[in-house]
Structures are given as C-alpha cells and as structure tokens.
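Here are the chains, one letter per residue:
2 protein chains.
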Amino acid sequence: MTEPAERKGYFVRLLALFPLICLINFSSVEAKTVYHKWEVKYEYKSPDCYKKLVITINGRSPGPTIFAQQGDTVFVELKNSLWTENVAVHWHGIRQLGTPWSDGAEGVTQCPILPGETFIYRFVVDRAGTYLYHGHYGMQRAAGLYGSIIVSLPEGVSEPFSYDYDQNIILNDWYHASTNEQAAGLSAIPFVFVGEPQSLLINGRGKYNCSLSTASGSAAGVCNTTNPECSPSSLTVVPGKTYRLRIGSLTSLSALTFEIEGHDMTVVEADGNYVEPFAIRNLYIYSGETYSVLVKADQESSRNYWATINVVARNPATPTGLAIFNYYPNHPQKQPPTAPATGPLWNDTASRLAQSLAFRARQGFINKPPVTADRVIVLLNTQNKIDGHFKWSLNNLSLILPQTPYLVALKENLTGAFAQDPPPDGYDVANYDIHSVAENVNATSSNRIYRLRFNSTVDVILQNANSMTVKNSETHPWHLHGHDFWVLGYGTGKYNISCDWRKYNLVNPIMKNTAPLHPYGWTALRFRADNPGVWAFHCHVESHFYMGMGVVFEEGIEKVGELPSSIRGCGESEGHHRP
Amino acid sequence: MTEPAERKGYFVRLLALFPLICLINFSSVEAKTVYHKWEVKYEYKSPDCYKKLVITINGRSPGPTIFAQQGDTVFVELKNSLWTENVAVHWHGIRQLGTPWSDGAEGVTQCPILPGETFIYRFVVDRAGTYLYHGHYGMQRAAGLYGSIIVSLPEGVSEPFSYDYDQNIILNDWYHASTNEQAAGLSAIPFVFVGEPQSLLINGRGKYNCSLSTASGSAAGVCNTTNPECSPSSLTVVPGKTYRLRIGSLTSLSALTFEIEGHDMTVVEADGNYVEPFAIRNLYIYSGETYSVLVKADQESSRNYWATINVVARNPATPTGLAIFNYYPNHPQKQPPTAPATGPLWNDTASRLAQSLAFRARQGFINKPPVTADRVIVLLNTQNKIDGHFKWSLNNLSLILPQTPYLVALKENLTGAFAQDPPPDGYDVANYDIHSVAENVNATSSNRIYRLRFNSTVDVILQNANSMTVKNSETHPWHLHGHDFWVLGYGTGKYNISCDWRKYNLVNPIMKNTAPLHPYGWTALRFRADNPGVWAFHCHVESHFYMGMGVVFEEGIEKVGELPSSIRGCGESEGHHRP
Chain A
1 MTEPAERKGY
11 FVRLLALFPL
21 ICLINFSSVE
31 AKTVYHKWEV
41 KYEYKSPDCY
51 KKLVITINGR
61 SPGPTIFAQQ
71 GDTVFVELKN
81 SLWTENVAVH
91 WHGIRQLGTP
101 WSDGAEGVTQ
111 CPILPGETFI
121 YRFVVDRAGT
131 YLYHGHYGMQ
141 RAAGLYGSII
151 VSLPEGVSEP
161 FSYDYDQNII
171 LNDWYHASTN
181 EQAAGLSAIP
191 FVFVGEPQSL
201 LINGRGKYNC
211 SLSTASGSAA
221 GVCNTTNPEC
231 SPSSLTVVPG
241 KTYRLRIGSL
251 TSLSALTFEI
261 EGHDMTVVEA
271 DGNYVEPFAI
281 RNLYIYSGET
291 YSVLVKADQE
301 SSRNYWATIN
311 VVARNPATPT
321 GLAIFNYYPN
331 HPQKQPPTAP
341 ATGPLWNDTA
351 SRLAQSLAFR
361 ARQGFINKPP
371 VTADRVIVLL
381 NTQNKIDGHF
391 KWSLNNLSLI
401 LPQTPYLVAL
411 KENLTGAFAQ
421 DPPPDGYDVA
431 NYDIHSVAEN
441 VNATSSNRIY
451 RLRFNSTVDV
461 ILQNANSMTV
471 KNSETHPWHL
481 HGHDFWVLGY
491 GTGKYNISCD
501 WRKYNLVNPI
511 MKNTAPLHPY
521 GWTALRFRAD
531 NPGVWAFHCH
541 VESHFYMGMG
551 VVFEEGIEKV
561 GELPSSIRGC
571 GESEGHHRP
Chain B
1 MTEPAERKGY
11 FVRLLALFPL
21 ICLINFSSVE
31 AKTVYHKWEV
41 KYEYKSPDCY
51 KKLVITINGR
61 SPGPTIFAQQ
71 GDTVFVELKN
81 SLWTENVAVH
91 WHGIRQLGTP
101 WSDGAEGVTQ
111 CPILPGETFI
121 YRFVVDRAGT
131 YLYHGHYGMQ
141 RAAGLYGSII
151 VSLPEGVSEP
161 FSYDYDQNII
171 LNDWYHASTN
181 EQAAGLSAIP
191 FVFVGEPQSL
201 LINGRGKYNC
211 SLSTASGSAA
221 GVCNTTNPEC
231 SPSSLTVVPG
241 KTYRLRIGSL
251 TSLSALTFEI
261 EGHDMTVVEA
271 DGNYVEPFAI
281 RNLYIYSGET
291 YSVLVKADQE
301 SSRNYWATIN
311 VVARNPATPT
321 GLAIFNYYPN
331 HPQKQPPTAP
341 ATGPLWNDTA
351 SRLAQSLAFR
361 ARQGFINKPP
371 VTADRVIVLL
381 NTQNKIDGHF
391 KWSLNNLSLI
401 LPQTPYLVAL
411 KENLTGAFAQ
421 DPPPDGYDVA
431 NYDIHSVAEN
441 VNATSSNRIY
451 RLRFNSTVDV
461 ILQNANSMTV
471 KNSETHPWHL
481 HGHDFWVLGY
491 GTGKYNISCD
501 WRKYNLVNPI
511 MKNTAPLHPY
521 GWTALRFRAD
531 NPGVWAFHCH
541 VESHFYMGMG
551 VVFEEGIEKV
561 GELPSSIRGC
571 GESEGHHRP
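Heads up: the protein sequence lines correspond to chains A and B, in order.
Residue numbers for the first sequence follow full-length UniProt numbering, beginning at 1 and rising by one.
Residue numbers for the second sequence follow full-length UniProt numbering, beginning at 1 and rising by one.
Rather than coming from a laboratory, the hints here were simulated on the basis of the structure.
As the structure is a computational prediction, the values presented were derived from the model and not from experiment.
Check the hints yourself; a few may be wrong.
Note: identical chains are not told apart, hence a pair may lie in one copy or across any two.
Claimed, not checked - No more than 20 angstroms apart at the CA atoms, straight line, and that leaves these computed lysine to any residue pairs for SDA-like:
{"#": "1", "residue 1": "K334", "residue 2": "S302"}
{"#": "2", "residue 1": "K79", "residue 2": "L401"}
{"#": "3", "residue 1": "K503", "residue 2": "Q355"}
{"#": "4", "residue 1": "K79", "residue 2": "D387"}
{"#": "5", "residue 1": "K37", "residue 2": "G116"}
{"#": "6", "residue 1": "K37", "residue 2": "S301"}
{"#": "7", "residue 1": "K385", "residue 2": "S445"}
{"#": "8", "residue 1": "K241", "residue 2": "P564"}
Let's have the full structure, built from the sequences with the hints guiding it.
Given below as structure tokens:
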C-alpha cells in the first residue's frame, strides 16, 4: 500500500539527480529514465516470524518495486554491501533488446559484482506488463533477493480490460536454512535435499508455527509470532471496485495454487502478454510466472476474506500461505471468520494441465507464430548421478557455468572458456523409457551451448521423465531469458515428433517467458532467435538450476554491440568491474 | 601424528609433478619447491561436537600443515569452491621478500579470488620457524580457514637447543554463529557483539556442552558429543623424551593461557625467532602469535595429563579447551584422573605483562635494532561510534579497505583509489585521558595510509585506552605483515615520549610479527621499512579488524617488480584473475 508514495520518492530523487532531463520528461510523453539506487546487504529479518539473515535491497525483502512506463530506461545502480559474497540480479521477463549484458545472469552475461563494488544495470522496458527481478548467482534468490517490476502503458493507451486499481502480489516459499546450508546439502555425498519450505510468503510475509522451532533449531527470541514483520499482508479493497491483481511467483521449489475465498478471478495477462480472459477460482502459478487477474470486490463487505496459497505438484509439508483480502473499512488485520482454503489436491496433475491448456492469446493481440520451425531441439529432462552427486540433465548434459561469462567469451572468441562442441538436439527417443528410473550412466557435467542461427525459428520440446525415485516425475517451470516463446502445446507421455505437432495451437497461442513442464508430460515451445546475445533457458526451481538443469542459447553474437567493461573481471575476461 | 606421512605425501606428489627438479633437489641441499593443491569449500563439520558449516581446505579444518625447509619456494594452487564467496589467504609470519603480491591480504595486496577461480600463491620461506596461514577476507578466518606452516632449518644446520621430536599445536576459539551472522551483528544498529566463543579448540577439536544446545539453537542431531570428530586431540609422548611443541594461536577473540598439567615448559622460539630460553608453567598466547616450547615427558608415565587452554584478558564464559598429553603406551583417549587446570586469574594483567617483558633474544642470535628511529608513529587505540556504528580507530581513523588493492593502486598511481592525505603520526597526548570513556566525535572511517621512507627505521607506539565501556580497556594483539619488529618495551599508562624510550631494551629485544597491547598500557615496536610493498598492521582480533582496527604501511613501492595480473580484477585494477 506504500507503493504510490515510494514511486513518488523515486521521481523526487530522480528530479534531484537529473533536474533538466526530468523536467523535460515530465512535461512530455517521451520515454523517461527511472533511476534506482540500491544497496544489497544481509540483515536480520523475520518474514515468517523466524529471524534469520536475509539479503535485502535498501533494507527490504522483497526489494522495492520498480515502476516504469513502456519505453522508459531503467537504471539500477546496485551497490554490493555483502561482506564476502558477490551478487548479480536478473530482470525476469525484460528481453534486454540491445542490452544483453544487462540480463544479470552470472556466468552467462556478466561476471559477478564484488563486495563493495557498484554495478549499473541499464535497460529499456519495451513493453507494459508484470515482471520480476531476482538474484541470479548461486542460490541468492532464495535468500530474499527478489522483487517486482511493473511496466505501465504509454500515456493515452488503455488496457483492453477495465479495472479501478491495481495491487501487486509477490509469492515465495521460505526456508530457515541459509543458502550456504542448502547448497552444502545439495553438493554433499550423500545428497541432502533442501526439503519442503518452512513457510509460504505473500508479499514477503508468512507465519511459521514457532512451537516447532525448538525442534528445528531456533534460539529463544528467534521465532516470535507477534513480530509485526510477519503479520499477514493485507490487500485492501473498496466494495464494488474491480482490482487488477498482478501476481508473480519466485518460489525456490513450490508450485502454488492461489485463490481468494469466495471470489472469482479473471485472468487477463500472463508474463506481460494479454490472454483471452477466462474465469477461474484458483490460479496455478509456477516459479517465474506472472499473471494479472481481475477481481471484483463483490462479496459481503462486513468481513474480510482469506487470500491463500497452497503447494501443489509436491506432497505438501508446508502450511497454507495467508494474506487478508480486506474489505474497507474493516480493520486490515481482522481475521476472516472462515477456515482458509486448502486448495485442490496436490497431485491433481490433470487439473493443472487443463489450466495450462486453457490459455489463449487475447483476440486483437495475437502475435502469430511462424508456422514451421527451422530447428527442433528436444530436451529430455532427467535426474542423474554424476561422480556421486545428484544432478539434473538435459539430454544427459548437466549445466555448469564457465568462469568466463559466455557473452564475453563468445564476443571475444575466447574459445578456451567453454567446450565448443554443441550439445545434442535430441535423445534416444526409441529406447528411452520415460516412465522408469534410468541411471543415465553417460550423463556428464558440461558447459556446451546451443548456437542458433540468427532470426531462425526454434522449437524446444521439453520432455519430462521419471526422476531417480520410483514412480516420481517432477514439475519444472522452464524460463527463457531474452525472449518470449509461443506455448504451442502440452501433452502427456512421450512426445511423438511425427504426429504431436498436430496438437499445436498455431492460431492463438499465448506467449510467455516461463512455462511448466508437467509430470511425465511434454511442453512444446517456439521462439524466434532474433535477440542478439547469449541467453539462459532453465528450470526455475532454485535447487534444480543449481544442480545443472539448464541450457544456454547463443544467437547473433556478431550483432552484439561493444560490451561494457563492467561485466568483465572474471575468468579469462580482461577489464575491470567499474563501468 | 599423521603429519610425517602427510609430508611424505606432498613430496610424492611433488615428485610426480616435477620429477627431474625433485630428483636433483633430493640429492642436494638446494632449495626445493613445495607444492600444495588446495580446494577451499564449505562443508559440515563438528569441531566441538556442534555441527555447522565450516570453510575447509581439502576437506579439513584446520587445513593441511605446510612443511618446508628454509629457502624453499612454496606454491599453493588454491581453488575457490565456495558458492558465492570470494577468498584470500594470508601467510602469517612469512615476510614475502620480493613477492609482496603473495601476502594474501585482500584489499591490500590482492583482489579476492572469485568462486570457481584458481589462484597461485608463490613465496619463499626464507627462515626456519613456526608460522601460520589463514583467511584474510571478511571474517573467513573465523569460519575455519586456517592452518600451520612449519619451516625447518637447512640440512646440516642445527637448532641451538635439542629435542627428540616436534609436535604441532594450533589453538582457536569457536563460534556456532556463521561469520555472516557475526558480521551482521557487528554492523547492526544497535550493535550486537559476537560475544564469547562457544568453545576453545586445540588442533581443531573442542567439546561443547550439548545440553546447552537447545537453548542456543541446535536441532536434534546437530550436537553430538560422541562424534569422533570432536574427541580431544592427543599429544602422544614417549616417556623420557623431549618435545618441541610448536604452538600457534588463531583465535578470533580470546587471549589464552596454555599449560600442560605437571610439566614445565621452556620457551625457545617466538614468531620464528629464537628467544633466550626461560621456564614457564603457563604460556600466555595471543591471536597471531606462535611459540616453540620444550617439554620433557618426565612425569609419572602410567597416566595421561591434561593440556589446557583457558581464556584470559576477558571475563571468560567459555569452558577450558582440552587436549590429552598422552604418555605412550597409555590409550591416547584415556582421561587423566585429575581436574583440568583453570589457569591464572583472567584479569591478572600484571602477570601477562610480566611474561611479555620476560622475552629476550637468544644469545648468539641477537639481531640488534637501530639505536634510533627516523620516525615515531604513536597510535592511540580507541573505540568510537561512527555514523551510529561501533568502530575501532587509530588516532581517530577507522580503516576501511578500498576496492582497489593498495599494492595495485600505488604501483600504478591510481590516485583515485584511496585518500592520498596521510593519517596522523600522533594524537593529542596532552589532553587525551586514556582512563576515561571518550566519545571521539571526530573519528571517521578512512582508507588513508602511512607512506614510509624506504629503509628508514620506524617506531610504532601502540597506546591503549579505555573502550566505550566504563573502566574497560581491552587486549589487542597487533600483527605486522611483511616484517618482524623489535619489541622494545611495554609499559602501563600513557606513553611519555620524552622519557619512556629510556625503558627500551636495545640490547637484546626479541623480534616478532605479533605483540600484545595490554589494557591501559603501551607497546613500543621498531622496524625497518626495508621490504618493498604495502603491508597491513592490525589488531588480530577478527571482530576488531572488521571494525577498522588497522593501518597500512607503504614502503619502496617503486622497487616492487611487475605485479602478477592474477591479483587484479577489482575496483580500478584492470586485468584478469588468471595468472
């Protein structure tokens, strides 16, 4: 609720810094500069009532929301005030047209930012919509380094739907172990999984059951349910008004279902793209996705209602995440008289698949996909053991990022920086049984990348399979940097290259930057390799990416402009960190 | 007890790597190359029975002991396998003659080593003796990144004392909070001190009272006193034999007293310099110091004895640290029948001062100091508040290291990298009351440095004072990089520049690299600025240095050879990390 004031604060600061430019911009409809000065550091916070060290931006987690208008240039001057840790921040959903070096993917587009150093991210937000940002180095996202980007339409342009106000809702799951502790387990032999999160957060607030905290390691005073830092987030609404809820998820692990007790929601936007409106009672949302839903405050106004998130796709061990959908003028913290929703069955994959299939591009805003692809890459998603460590692999390659960022290595032809042979475009479809545990003994760690012909059309078929646990196949939200892709289709079982393309929606597929791969299923995506740069494409589950679940695409490297020296300083990349 | 085998291992490895060179060297008395390949990472360890993440070297904390012979060149190829943290390692007591870039002091002599990167430290161990190594970045030393360096005499040269065997003993104090948690408290407003350590470690082993662990935050299984990792270290001795115990301390906070029940000790070495032998019952040892003591196994041999360390100079809240002085053939873990020593009174400053004063250079090995100094720098040690944060200052300047290492900045004349005005050589002696709490409202953070005339003789008078707590003055062990200094004298109260020099020992002062500054006292040190480079001089208490308690000396920068590119890559220092 503080965001309008916060937004004003930025402009005031901006005014102070660029008085002339800003005055000009305020008096016109020209693109503006949105300036943020951030300090990233560790601080003790109690987002779910349990006190732990959190990576904050200007003292906050989630960090400040970036508000901008389509066409604006966003400057984020980020000072790393961590003590011994580097950092990098990815602008999730922003395509970085012309600024591939600002994508913030450590090892792909930049060297990490050293403690004490300041790095300037500069990029244009070319399209209105709801986006995210988060740490993209080690597992720092899970330490609390995340936030929202809201891009509004240009002056005089309206959304194709109407609402009175908008509200921002960012979802997360939350662990009490530090990211070092989580990574130590994932790297250990025997493997120790991060496990289920301790709580779910809505707008950075959750509620851990402190009575469990003696067993799980809290000192006296470490867990305190009366701490105002963890009082539930209130979404205050005026009766009769319609709200656009901009909902984003940056969970480390959990697929979620979001609902507001007694209220229908109409989905209108997904990952910055308009979708043909359709009504739902619960929204399935996977890590890395954003949606806008319209909700009318049309229920009995003398009480409040629960807004809830619940874990799906994994047998949940985490309590429901709660916020209060607060009908003005009730007290924002007044508890609803009802029990919070527990959501659909966690293992109702069919229901999740059905919702994935229900999305269509909005009439009048359809961006038609090319009818055929120049190249089809089928990625078999498997869990493997490599040198005794659990890993995730694509076609038996588990991604390890090189010391020298790919962008620098490719631009400067540092061929020693990573293995130059291409990874395979497919797997042994005929002989691989996706329903059985496979050892995949030939799986290896690799930093090989896919090099795409510039402007070619590329299909990626994500093929799910059984994990290394009997009768288990997990859900993987795949996120592509630098592009939106068309979501051509989803299916169950093994993708059949000779006929499953017939199921594709080539008429009005939605475009997204993140799409789920459902258990034992396949997901077909198409994109145009038209953004010069180097782009990560990976599972957005923090531990899965840590365990190698990603690939990297290069396209049009020769068209990339001169790299800023600030992205260098590691591996074979000469130059210094300061811009 | 595994060290001889370990040492052999190194030579075997060395043989494999440099077969020809080694064969030649083994057959001659020429200097050899000692090669270590280290991987630094986080692992769960239970040094005091409480399981936590520890920074290990090749899976160990303390790390492997470096054994070398005077004149050898030591190569340490260090791979940083931490996830998001950089690292740097300092070779404590090694003067780095001709290799100032290998000193390992982050911000002073090098940029930190990034995760995934490998850095080669190369230096000559020019003098036999007992030395240390440890992390010198953030508070990583306190995370377990430390070990010993043992340099033996050249073939055919004997020590001026005799013994049968030597044993290595490294002392530490140990915290259960992570270094991030410790630093978060030190940086917080209000300030949260790291507090007293949970346990004391001898050769990396201590014993925490696990029954306290529910209160202090341990989950079930986190604290386990039956874990063999935390069984006490055994120092096995053969009755009638004389042992040289090489004792080093790398405590974060604690000054210690070391004793072996029922055994006299004769001190023969301090910080790599021979001292005139003298007998003691307990050795006071401050963080950063090393000593060799001779102990004869001359007691009743049917039992074992306690070797103990206890905290002094602070009101102790940490239990005695224990090892077993094991008379062969008793079982190494057989408990002595007696109660462990509790040591002298913690606040018996006079006794500690007396021991400091008792040291003399050994007859026949006296390195006479210059009789006068070219420059006298008096450093008033105070605690201050700066911008609401507790800090430690010298003459009201609290050190903050610059982004660009001083060595690079000075060599390349990057005058913007740090403030060029010199810090003051003294303080307001006439008006400053060292016995009262002073606010020192003019204290500031600073990265100014002392530039010394090459080959000049410099006196540093460390002047202690009251801290910001009424009637409290702390003990500060000051460590100088790149040099030994002559310890000219210690005194109580305010140093009087017009007469206290008369108390100096100019006849046979010992040389050291670390010397204590006692409460409300002064310590007078003299050194020759004859080692081209940039050298830190700081309090060796980890939290005090973190809070700014240090200065930096430059001397003969124009004589420093070409800097290796591997030390660059941060701040304004161009170049890449790889050598």
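Here's how the hints hold up against the structure:
In this assembly of identical chains, K334 and S302 lie within 20 angstroms of each other by CA distance solely inside one copy; the values are 11 angstroms within and 74 angstroms between copies. In this assembly of identical chains, K79 and L401 lie within 20 angstroms of each other by CA distance solely across copies; the values are 16 angstroms between and 24 angstroms within a copy. In this homomeric assembly, K503 and Q355 come within 20 angstroms of each other (Cα to Cα) only inside a single copy, at 16 angstroms, whereas the closest approach across copies is 87 angstroms. For the identical chains of this complex, K79 and D387 are inter-copy neighbours only, at 19 angstroms across copies versus 38 angstroms inside a copy, given an alpha-carbon limit of 20 angstroms.
In the homo-oligomer, the alpha carbons of K37 and G116 lie at most 20 angstroms apart inside one protomer (14 angstroms), although the nearest pairing across protomers, at 29 angstroms, exceeds that limit. Within a single copy, K37 and S301 get their C-alpha atoms no closer than 41 angstroms, and across copies no closer than 69 angstroms, so neither meets the 20 angstroms cut-off. Taking the shortest Cα distances, K385 and S445 sit within 20 angstroms of each other inside one copy (10 angstroms), while across copies they are farther apart (50 angstroms). Taking the shortest Cα distances, K241 and P564 never come within 20 angstroms of each other, neither inside one copy (47 angstroms) nor across copies (66 angstroms).
When the structure is compared with the earlier hints, violations turn up for hints 6, 8 and for no others.
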